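Engineer: Residues per chain are reported as follows:
4 protein chains.
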Amino acid sequence: MEQSYRLVIRCPDRVGIVAKVSEFISAHQGWLTEASYHSEPASSAQQTGWFFMRNEIRADSLNVSLDEFKKRFAVLADEFQMSWFVTDSCVRKKVVILASHASHCLADLLYRWHSGELHCDIAAVIANHDNLRSMVEWHNIPFHHVPADKTDKSPHFHKVDELLQQYAAQTIVLARYMQILPGEICNRYSGQVINIHHSFLPSFVGANPYYQAYDRGVKLIGATCHYVTEDLDQGPIIEQDVGRINHRHNKEDLVRLGKDVEKIVLARGLRYHLEDRVVIHGNKTVIFD
Amino acid sequence: MEQSYRLVIRCPDRVGIVAKVSEFISAHQGWLTEASYHSEPASSAQQTGWFFMRNEIRADSLNVSLDEFKKRFAVLADEFQMSWFVTDSCVRKKVVILASHASHCLADLLYRWHSGELHCDIAAVIANHDNLRSMVEWHNIPFHHVPADKTDKSPHFHKVDELLQQYAAQTIVLARYMQILPGEICNRYSGQVINIHHSFLPSFVGANPYYQAYDRGVKLIGATCHYVTEDLDQGPIIEQDVGRINHRHNKEDLVRLGKDVEKIVLARGLRYHLEDRVVIHGNKTVIFD
Amino acid sequence: MEQSYRLVIRCPDRVGIVAKVSEFISAHQGWLTEASYHSEPASSAQQTGWFFMRNEIRADSLNVSLDEFKKRFAVLADEFQMSWFVTDSCVRKKVVILASHASHCLADLLYRWHSGELHCDIAAVIANHDNLRSMVEWHNIPFHHVPADKTDKSPHFHKVDELLQQYAAQTIVLARYMQILPGEICNRYSGQVINIHHSFLPSFVGANPYYQAYDRGVKLIGATCHYVTEDLDQGPIIEQDVGRINHRHNKEDLVRLGKDVEKIVLARGLRYHLEDRVVIHGNKTVIFD
Amino acid sequence: MEQSYRLVIRCPDRVGIVAKVSEFISAHQGWLTEASYHSEPASSAQQTGWFFMRNEIRADSLNVSLDEFKKRFAVLADEFQMSWFVTDSCVRKKVVILASHASHCLADLLYRWHSGELHCDIAAVIANHDNLRSMVEWHNIPFHHVPADKTDKSPHFHKVDELLQQYAAQTIVLARYMQILPGEICNRYSGQVINIHHSFLPSFVGANPYYQAYDRGVKLIGATCHYVTEDLDQGPIIEQDVGRINHRHNKEDLVRLGKDVEKIVLARGLRYHLEDRVVIHGNKTVIFD
Numbered sequence: 001m002e003q004s005y006r007l008v009i010r011c012p013d014r015v016g017i018v019a020k021v022s023e024f025i026s027a028h029q030g031w032l033t034e035a036s037y038h039s040e041p042a043s044s045a046q047q048t049g050w051f052f053m054r055n056e057i058r059a060d061s062l063n064v065s066l067d068e069f070k071k072r073f074a075v076l077a078d079e080f081q082m083s084w085f086v087t088d089s090c091v092r093k094k095v096v097i098l099a100s101h102a103s104h105c106l107a108d109l110l111y112r113w114h115s116g117e118l119h120c121d122i123a124a125v126i127a128n129h130d131n132l133r134s135m136v137e138w139h140n141i142p143f144h145h146v147p148a149d150k151t152d153k154s155p156h157f158h159k160v161d162e163l164l165q166q167y168a169a170q171t172i173v174l175a176r177y178m179q180i181l182p183g184e185i186c187n188r189y190s191g192q193v194i195n196i197h198h199s200f201l202p203s204f205v206g207a208n209p210y211y212q213a214y215d216r217g218v219k220l221i222g223a224t225c226h227y228v229t230e231d232l233d234q235g236p237i238i239e240q241d242v243g244r245i246n247h248r249h250n251k252e253d254l255v256r257l258g259k260d261v262e263k264i265v266l267a268r269g270l271r272y273h274l275e276d277r278v279v280i281h282g283n284k285t286v287i288f289d
Numbered sequence: 001m002e003q004s005y006r007l008v009i010r011c012p013d014r015v016g017i018v019a020k021v022s023e024f025i026s027a028h029q030g031w032l033t034e035a036s037y038h039s040e041p042a043s044s045a046q047q048t049g050w051f052f053m054r055n056e057i058r059a060d061s062l063n064v065s066l067d068e069f070k071k072r073f074a075v076l077a078d079e080f081q082m083s084w085f086v087t088d089s090c091v092r093k094k095v096v097i098l099a100s101h102a103s104h105c106l107a108d109l110l111y112r113w114h115s116g117e118l119h120c121d122i123a124a125v126i127a128n129h130d131n132l133r134s135m136v137e138w139h140n141i142p143f144h145h146v147p148a149d150k151t152d153k154s155p156h157f158h159k160v161d162e163l164l165q166q167y168a169a170q171t172i173v174l175a176r177y178m179q180i181l182p183g184e185i186c187n188r189y190s191g192q193v194i195n196i197h198h199s200f201l202p203s204f205v206g207a208n209p210y211y212q213a214y215d216r217g218v219k220l221i222g223a224t225c226h227y228v229t230e231d232l233d234q235g236p237i238i239e240q241d242v243g244r245i246n247h248r249h250n251k252e253d254l255v256r257l258g259k260d261v262e263k264i265v266l267a268r269g270l271r272y273h274l275e276d277r278v279v280i281h282g283n284k285t286v287i288f289d
Numbered sequence: 001m002e003q004s005y006r007l008v009i010r011c012p013d014r015v016g017i018v019a020k021v022s023e024f025i026s027a028h029q030g031w032l033t034e035a036s037y038h039s040e041p042a043s044s045a046q047q048t049g050w051f052f053m054r055n056e057i058r059a060d061s062l063n064v065s066l067d068e069f070k071k072r073f074a075v076l077a078d079e080f081q082m083s084w085f086v087t088d089s090c091v092r093k094k095v096v097i098l099a100s101h102a103s104h105c106l107a108d109l110l111y112r113w114h115s116g117e118l119h120c121d122i123a124a125v126i127a128n129h130d131n132l133r134s135m136v137e138w139h140n141i142p143f144h145h146v147p148a149d150k151t152d153k154s155p156h157f158h159k160v161d162e163l164l165q166q167y168a169a170q171t172i173v174l175a176r177y178m179q180i181l182p183g184e185i186c187n188r189y190s191g192q193v194i195n196i197h198h199s200f201l202p203s204f205v206g207a208n209p210y211y212q213a214y215d216r217g218v219k220l221i222g223a224t225c226h227y228v229t230e231d232l233d234q235g236p237i238i239e240q241d242v243g244r245i246n247h248r249h250n251k252e253d254l255v256r257l258g259k260d261v262e263k264i265v266l267a268r269g270l271r272y273h274l275e276d277r278v279v280i281h282g283n284k285t286v287i288f289d
Numbered sequence: 001m002e003q004s005y006r007l008v009i010r011c012p013d014r015v016g017i018v019a020k021v022s023e024f025i026s027a028h029q030g031w032l033t034e035a036s037y038h039s040e041p042a043s044s045a046q047q048t049g050w051f052f053m054r055n056e057i058r059a060d061s062l063n064v065s066l067d068e069f070k071k072r073f074a075v076l077a078d079e080f081q082m083s084w085f086v087t088d089s090c091v092r093k094k095v096v097i098l099a100s101h102a103s104h105c106l107a108d109l110l111y112r113w114h115s116g117e118l119h120c121d122i123a124a125v126i127a128n129h130d131n132l133r134s135m136v137e138w139h140n141i142p143f144h145h146v147p148a149d150k151t152d153k154s155p156h157f158h159k160v161d162e163l164l165q166q167y168a169a170q171t172i173v174l175a176r177y178m179q180i181l182p183g184e185i186c187n188r189y190s191g192q193v194i195n196i197h198h199s200f201l202p203s204f205v206g207a208n209p210y211y212q213a214y215d216r217g218v219k220l221i222g223a224t225c226h227y228v229t230e231d232l233d234q235g236p237i238i239e240q241d242v243g244r245i246n247h248r249h250n251k252e253d254l255v256r257l258g259k260d261v262e263k264i265v266l267a268r269g270l271r272y273h274l275e276d277r278v279v280i281h282g283n284k285t286v287i288f289d
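Chains as they are written, first to last, in the UniProt record's numbering: chain A, 1 to 289; chain B, 1 to 289; chain C, 1 to 289; chain D, 1 to 289.
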């Protein structure tokens, strides 16, 4: 992958933002390989319009250092009240994966990472069961078994929290983790914790969504990749997809068929996140894919 | 379309049903052009298993009249405690469509009927607005404008009910009718009233599902074709499908894109119903497609 | 629909294009409601990289007339060797539809136009059969029956050509026209003639694609919306989609199921074209959706 | 998985087959858990109609041994000129996978097998590169590196053939094997060799289908799982699917996105085969899913 800088911006909309930003990039010889824009008009629910922007700039084209580029851009950003960041495509995010005993999402992520498809460092896998250890360790990734006692989960979360800090986790992936992360952790890693829910949200919130789907007699099952917030299954949605089922499928079939949807939805959602293609705006996302 | 008889059966499961039924058909020289079976095993939620069957038999192959065939089959059906019926593919169901002012589902059904794709008689269209009259009348179908007074809808429903009886409606299609049909009518035409709901149920029950979808930030919108029961949007689902959306789509785009999903889902669902491919079982459906 | 100007650009890629163009727009107080970019890097097959851009600007935000805007932009365009155009969203393209006797695509387009979903003027429908006259005339659109003699089609094409000129056609839609348009017409209306082919091209080029699909035993059927060039079924593809089939479907089922795919693919493709979202580049398209 | 016997039948169509077969099963107390039928009418291309049938019978319900059941059924089968077989769901097919250096399809199959989703024995993996050894051996499956010399591939195929016999392969999966299997092997294992081709056949036969797809500018890419015959990429198709692409995707993106389609299509196709859900009929398949 060619090295590039990703400049991602969110600010109140007004005339001239694109001009100013692209002029700035051009003035520093920045060669755009991708540029995406989105504006959301003012409405009854939202008094000002909002503007979103993602620029991907060839690293070797800039005539100043990245630090200098950022320092200068900050002035412009202030003028437009931007929330913004720049990332370097060659600096891989540190990812910690939380799992339970179900292997399909974890195995899929590990494979994609191992084959070079997911650009990140998987710093560690933490699970409340030990059955996935060998699979993880084959990939030369540290595995931590942190049991969760149903009567008191606080020691579990305390240890998880400690490990997240120890590994300096930047992105946390709940790969069918099946535990409700404490609000404190959700908030500390706000916009950095990604979950895969095994239903087409907002249908079938909570436990056993495939069983709920079976009982309701739906004709499609789905999966949802979303950011985790304090409100269970209510965070901003990154990606969703569905698969067709019919009356011949029993509950076990739904679970089996759902796995393929979950895997692909989580992998797509995580990819968007790792490539800085997601801008969170309230409880929704802008995805510059 | 070649004339055929459709024998549809539902009964408690046990050994030998297929044998007995197909032996019976064969003994009357019946040539099967389609035969579909489904069995649902007993479970914790359901004490007996159930068996479902649909046979399509060439009308010209039987060596007795249809009446005689039915009379004889009734004996067998009793033995197996079957609920069952036989229909003649050449006897078209009388369909009455209820609409409001939105035209997309109605226009789609009318086109499919006019081009010979939907095998039924559209006896009449009833709407609480008058704007679709010309479109309906071009197809030589009676159009009835029955206004609905928001403060008292009973005269509307009274008139609708009268028309349904006058036209001897066998199937009632709510093509974006936007009124909640009284329980009495739902029950009288139980299993014969088909609605299209403009969301992927059970998500976004009730009013304005596209606005709800927009506000939740989902990445797919859907539509659901279901039988109408007294419980709003809770009846047995016949068909569902979805379409992809993204952050660039506003509420109006969702409405526009959703129309194509609604049309196709309603058309598929109605087709299954008209071809006697649907067996209702509790709050779910078996679809022999 | 709010009035907007669409500025669409194609030019060799280099640093600073976005900056210059957006600076120009901003200098004229242009408020961007949409802005899309694409760059295609140089490769072994293509010596220079190419840059593509589409800007949608609120008409009421510009501080000069559209003519003046264009005049001034031409100077910038020259500097960057751009091929470009600006259209006004309120100036509807004049569309002539060519059909044969199959009604599904035509009926679908007429409905979408009639319900305000397709922003264009349908100037006329020309067909080599007369059976669709009543449907077209109900929409108050002129219908011309121009028979095609199999032994000599030149009088047919001569008349069609005459009508296209008479109606000042800007976009020509072949809605299952089933005739091979003469190269001369293809070339005169280059990039303006849109066809729907009833297969997933490049599979099943030529006649009877559904029969070819049936014989090959494929599990999906498709449709392709593409610009017409002199080479049959080889022009730039605008949109494609597929539908699932199985062994129970016979040839007639494929034809029936395919209709729904054709309609939606043609409608999407035409919409992209009418909204100036398509840039043709060699034998491919960039779609700014 | 509950033990069951699968009785799969193909024969010329006539009245009474279902009756006779189900009567036979019922007479032996066979409890049907699944029963699927298909008839293909006579046509201009096919003088007789054909009948296809798959019955899944609870093993513990039969009142005779499987051998006795087969012996008795042979008499009936003769009468109807059936080609038929019975398999035991608990006797796992011996599968040998042939690979090259691409890992995605292989890794996916190994994962599904390891997690209990694919009911078969993977007897061995044979590859003409050595890079996948560690992944295979982690699963405790023998790995054979059999290099293929471009100037003379016969030693390679000779060794492969030897290994297939040594492992008593019943099903051979070409998981992106990238070699053209000699006709002799294709014929010996007729109906038992499954390939995944990385295009939506019949589009893009032969080498580099993604590059062909890129150059043609298609809007969907696909994959095809099919039985291998002597004619390259022409064998009976088991399963196909597609994924959406656009102008922003370069050739490498197509390869990456295609992998997910390939994996799922191969897994579905192989599952159908392993569960004896596929009946080959000429160059087409009947899939009792």
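For the record, the hints were derived by calculation from the structure and aren't laboratory data. These numbers were taken from a predicted model, which means no experiment stands behind them. Please note that a few of the clues may not be correct.
With a cut-off of at most 25 Å between alpha-carbon atoms, the simulated DSS-like pairs for lysine-lysine come out as follows [stated by the list, open to error]:
1) C:K284 / A:K20
2) A:K251 / A:K284
3) C:K159 / C:K94
4) D:K93 / D:K159
5) C:K284 / D:K284
6) D:K284 / C:K251
7) C:K93 / C:K70
8) A:K94 / A:K159
9) C:K251 / A:K20
10) B:K93 / B:K284
11) B:K71 / B:K93
12) B:K70 / B:K94
13) C:K251 / C:K284
14) B:K20 / D:K71
15) A:K20 / C:K94
16) A:K70 / A:K94
17) D:K93 / D:K251
18) C:K70 / C:K20
19) C:K159 / C:K93
20) C:K70 / C:K94
21) B:K251 / A:K284
22) D:K251 / B:K20
23) D:K94 / D:K20
24) A:K251 / A:K93
25) B:K93 / B:K20
26) C:K20 / A:K70
27) C:K159 / A:K71
28) B:K71 / D:K150
29) D:K71 / D:K93
30) B:K70 / D:K284
31) D:K159 / B:K20
Engineer: State for each hint whether it applies.
Structural biologist: Okay, the hints, checked on the actual structure:
no., hint, verdict
1, C:K284 / A:K20, "violated, 32 Å"
2, A:K251 / A:K284, "violated, 31 Å"
3, C:K159 / C:K94, "holds, 18 Å"
4, D:K93 / D:K159, "holds, 22 Å"
5, C:K284 / D:K284, "violated, 33 Å"
6, D:K284 / C:K251, "holds, 14 Å"
7, C:K93 / C:K70, "holds, 19 Å"
8, A:K94 / A:K159, "holds, 18 Å"
9, C:K251 / A:K20, "violated, 58 Å"
10, B:K93 / B:K284, "holds, 23 Å"
11, B:K71 / B:K93, "holds, 22 Å"
12, B:K70 / B:K94, "holds, 22 Å"
13, C:K251 / C:K284, "violated, 31 Å"
14, B:K20 / D:K71, "holds, 23 Å"
15, A:K20 / C:K94, "violated, 38 Å"
16, A:K70 / A:K94, "holds, 22 Å"
17, D:K93 / D:K251, "violated, 37 Å"
18, C:K70 / C:K20, "holds, 15 Å"
19, C:K159 / C:K93, "holds, 22 Å"
20, C:K70 / C:K94, "holds, 22 Å"
21, B:K251 / A:K284, "holds, 14 Å"
22, D:K251 / B:K20, "violated, 58 Å"
23, D:K94 / D:K20, "violated, 33 Å"
24, A:K251 / A:K93, "violated, 37 Å"
25, B:K93 / B:K20, "violated, 29 Å"
26, C:K20 / A:K70, "holds, 22 Å"
27, C:K159 / A:K71, "violated, 67 Å"
28, B:K71 / D:K150, "violated, 73 Å"
29, D:K71 / D:K93, "holds, 22 Å"
30, B:K70 / D:K284, "violated, 38 Å"
31, D:K159 / B:K20, "violated, 54 Å"
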